[in-house]
Every structure is written in structure tokens, then in C-alpha cells.
Amino acid sequence: MAYVEIIKQVMLEHNLSQQKFADILGVNQTTVSQWLMGKKKPNYESIYALYEKFDIEPNLLFGID
Numbered sequence: 011m012a013y014v015e016i017i018k019q020v021m022l023e024h025n026l027s028q029q030k031f032a033d034i035l036g037v038n039q040t041t042v043s044q045w046l047m048g049k050k051k052p053n054y055e056s057i058y059a060l061y062e063k064f065d066i067e068p069n070l071l072f073g074i075d
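In our numbering, the protein residues as written are 11 to 75.
Hints in this document: simulated from the structure, not taken from any laboratory.
One thing to keep in mind: the hints can contain errors.
Heads up, simulated DSBU-like pairs for lysine-lysine below, C-alpha to C-alpha not over 35 Å straight-line [unchecked claim]:
id, residue 1, residue 2
1, Lys18, Lys50
2, Lys30, Lys63
3, Lys30, Lys50
4, Lys30, Lys51
5, Lys63, Lys49
6, Lys51, Lys63
7, Lys30, Lys49
8, Lys18, Lys30
9, Lys18, Lys51
10, Lys63, Lys18
11, Lys50, Lys63
12, Lys49, Lys18
Please model the entire structure based on the sequences and the hints provided.
See the structure below:
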């Protein structure tokens, strides 16, 4: 599963808007929007925040077994 699908799934499971999700991760809403459209990938700090806040393994985000 690609990072876009994982992020969408996390937002859905936690009933989070793009803005609320961005606030939790310490990024702006535009960044989250660009992730969801596949225009950008999360940077190191965002990947680490996803791991800390939502227990998402970094390798899972990018389809690495």
C-alpha cells in the first residue's frame, strides 16, 4: 500500500480533517493535501511524527518489506 493510501486510511480511522491531521504532525494543510495527491512525499520529520503519533512503521509507508 502506498503512502497516500496509508495516510488516507489513518485520517479516516481517526476521523481527522486535513487541517487536524496537519496540526497533529506539525505541518500545514497544504502539505497534507500534496501528500494525498501524490505530489509530495513526507519528509523525515513527518515520517517520524507519523510513527510517533500513529505507530506507522516508516518502511510500511513506502512499501518496503
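Now for the hints, and whether the structure bears them out:
no.: 1; hint: Lys18 - Lys50; in the structure: 14 Å, holds
no.: 2; hint: Lys30 - Lys63; in the structure: 13 Å, holds
no.: 3; hint: Lys30 - Lys50; in the structure: 19 Å, holds
no.: 4; hint: Lys30 - Lys51; in the structure: 19 Å, holds
no.: 5; hint: Lys63 - Lys49; in the structure: 23 Å, holds
no.: 6; hint: Lys51 - Lys63; in the structure: 18 Å, holds
no.: 7; hint: Lys30 - Lys49; in the structure: 20 Å, holds
no.: 8; hint: Lys18 - Lys30; in the structure: 13 Å, holds
no.: 9; hint: Lys18 - Lys51; in the structure: 13 Å, holds
no.: 10; hint: Lys63 - Lys18; in the structure: 15 Å, holds
no.: 11; hint: Lys50 - Lys63; in the structure: 20 Å, holds
no.: 12; hint: Lys49 - Lys18; in the structure: 14 Å, holds
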